[in-house]
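The listed protein sequences correspond, in order, to chains A and B.
Mapping of the first sequence onto the UniProt record's numbering: residues 1 to 288, in sequence order.
Mapping of the second sequence onto the UniProt record's numbering: residues 1 to 336, in sequence order.
Please keep in mind that the hints were generated in silico from the structure rather than gathered at the bench.
From a predicted model like this one, the values you see are computed outputs, not experimental measurements.
Mixed in with the good hints, there may be bad ones.
[What the hints assert, rightly or not] Have a look at the derived ranges for each label pair, beta carbon to beta carbon: (1) Arg28(A) to Asp24(B): 25 to 33 Å; (2) Asp178(A) to Ile314(B): 48 to 56 Å; (3) Val52(B) to Ala165(A): 36 to 44 Å; (4) Asp178(A) to Lys333(B): 47 to 55 Å; (5) Leu326(B) to His56(A): 42 to 50 Å.
[Stated by the list, open to error] Residues from chain A shown here face chain B by an in silico Cβ test under 7 Å; the list is partial: (6) Gly16; (7) Asp37; (8) Gly39; (9) Ala41; (10) Leu94; (11) Arg97; (12) Gly248.
Using N, Cα and C, we set each Cβ at its ideal position, and we do this for glycine too.
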Amino acid sequence: MYRLDLRVGPVGYRVGSAWRRPIDALRRLYAGYPAPDEGLATLTARIEPEKPWRRHLRPQVAIRGDFELPDAVPMTLDHGLLAIEMAMNLQIALGERRHLLLHAGAVERNGRVIILTGESGSGKSTLSALLGEHGWRLLSDEFVLIEPGTGLVRAFPRAISLKNAAIAELERVVADRDRFGPLLRATPKGDLRHLRPAPDAIARMDERAMPALVLFPTFGHASQAEGMGQAELFALLTQGSTNYAALGERGFETMARLATTVPGVRFAYPDSAGGMAIVEQFAAELGI
Amino acid sequence: MRDALPLVRALTDPASVDHIMPDDWTALLSIARAERLIGSLAVRLKERDLPVSVMEALEAARVQAAFDHVQARWEVELTRRLLAPLGIRPILLKGSAFVVAGLAAGEGRMVGDLDILLPADQLNKAEAALLVGGYEWAKDDPYTQAYYRRWMHELPPLIHAERGTMIDVHHTILPLTARPTPDAPALVADAVDIAPGLATLSPADMIVHAACHLIADGDMAGGLRNLWDIDRLVRDFSRQANFWPMLAERSGVHQMREPVARTLRLTHQLYETPVDHAVAGHTRASDALFVRRLLSRDGWGRQTNRATRLAFYIRSHWMRMPPLMLARHLWIKARS
């Protein structure tokens, strides 16, 4: 097993791969990330041959780890880096029980957080990534962790997975080519390229911050915004959480506090520039 | 780490984790998750002074177990409500039984599907009530249905259409094709009420059932967890004066003397469970193979000892059905 240990926010990973290449790619992508505290990783993600004879001959990459889905489809070795990323994601999606987990992106400025959530294809990940290059600190593009008790957001700045049109969009904005992973063509999610978050997102990954706004973007429509009530916000947020029920009463309290103290707004935007302009407008209104 | 022994040691002797290295912790957590024993480990290590990140990982396991228990109790209650009006008292098996009865085996234990045992003559009524109550067959093909109904010790698995939870309705504790034939009416007759409309097996029968599950019905996957259940149950029950004579008697009644004895020797060897050696019998050379199978995990949490596992897989089918029937069964499964 080739191995890399690294820490992303509160999660100390041990990542294992039966092949060398994907781990090398992962090491380059995560350059500058800290090691787990006390050198002790507590969560393992692995990729390995689907069957023993699938190592060299037409290799098939299975996504495994401490937490597994029985019916995960194996991938080709060319997409090994994506398979590792998916294995790391799966550990959080299935195993995280310390924080309330929202399927969302989040950015911070002046100690206040805007959470961007919504279904796949809404543009939340791309928008979070772009904001992270324009004066905001990226906390996460995929999973937002909320601390029960304090209600603060913990950063989880994994590599951003850019898909299809978003790849070129970020290539135009990010000058440092070293931050990009290899371009992976024709993956199950289309063309895909990973991007390491900006240096301050990594350096400040342990700074928690208070949520100020929850946004539900929809990409590809004329600009338009509409507030929502607390009950609707609560219901929509529970739908986007993989561990809300499992946290029991703490999950309910944490979610209820978020939904009753932070406004929720649904908005449509025609393109990325328009989307960022709307977010800045909301931020100005809230004094962020 | 070459096998799962450090997990066994941590469960048996929590002080054994005091001086282990960071890498050993990482391996221990992966092995415990793979064996579905992380919640039990969290309970056992609760009082110890551990690295912060380990305490957080174990706290997460306690949260998960607490949620499993709420869900298990709720499923039990909904099932009770469906069956009580028909005068049917489900006998809870495995995890749900441990949790609802408040046994030490339930502490921190992950609980999945609900398993219940009913007298054979109540099976049809219960099945109809469950189907009306929102359950559906997990597999509806004619071969699976016919196979279960003719040869198995349980109905084909049912899944609740809305909640997605699964229930296994047993009428005995081993497949009808297996060589031993447990005395199902005796299991029901000796069941113990634990709440209005709910029961568990008697203490001795619970051990016999756990031994069936571990030794006589399956390839020992997840065996360390089953064996840990048995350790906790035996430690609980052996405080009762007549437990050992009862266990000796009941393992005879259910034609399970050998598997029960083997189970006791294994739990004694691995978890240092105090056992009555008159019931556990003498060590046999083959015990070592069982231990090897049980400990087949590496430090990444992966299964090891492929050949041993395959041997136990073949053994499990061999014990479950006669050879010609096995051939036919595997042929049909391979084609489907």
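Okay, the hints, checked on the actual structure:
1. Arg28(A) to Asp24(B): 25 to 33 Å: Since the Cβ atoms of Arg28(A) and Asp24(B) sit about 29 Å apart, the hinted range of 25 to 33 Å holds.
2. Asp178(A) to Ile314(B): 48 to 56 Å: 53 Å, holds
3. Val52(B) to Ala165(A): 36 to 44 Å: Hint holds: Cβ distance 43 Å, inside 36 to 44 Å.
4. Asp178(A) to Lys333(B): 47 to 55 Å: About 52 Å separates the Cβ atoms of Asp178(A) and Lys333(B), which means 47 to 55 Å holds.
5. Leu326(B) to His56(A): 42 to 50 Å: 34 Å, violated
6. Gly16: 6 Å, holds
7. Asp37: 6 Å, holds
8. Gly39: 4 Å, holds
9. Ala41: 5 Å, holds
10. Leu94: 10 Å, violated
11. Arg97: 4 Å, holds
12. Gly248: 6 Å, holds
Hints 5, 10 from the earlier list are contradicted by this structure; the remaining hints agree with it.
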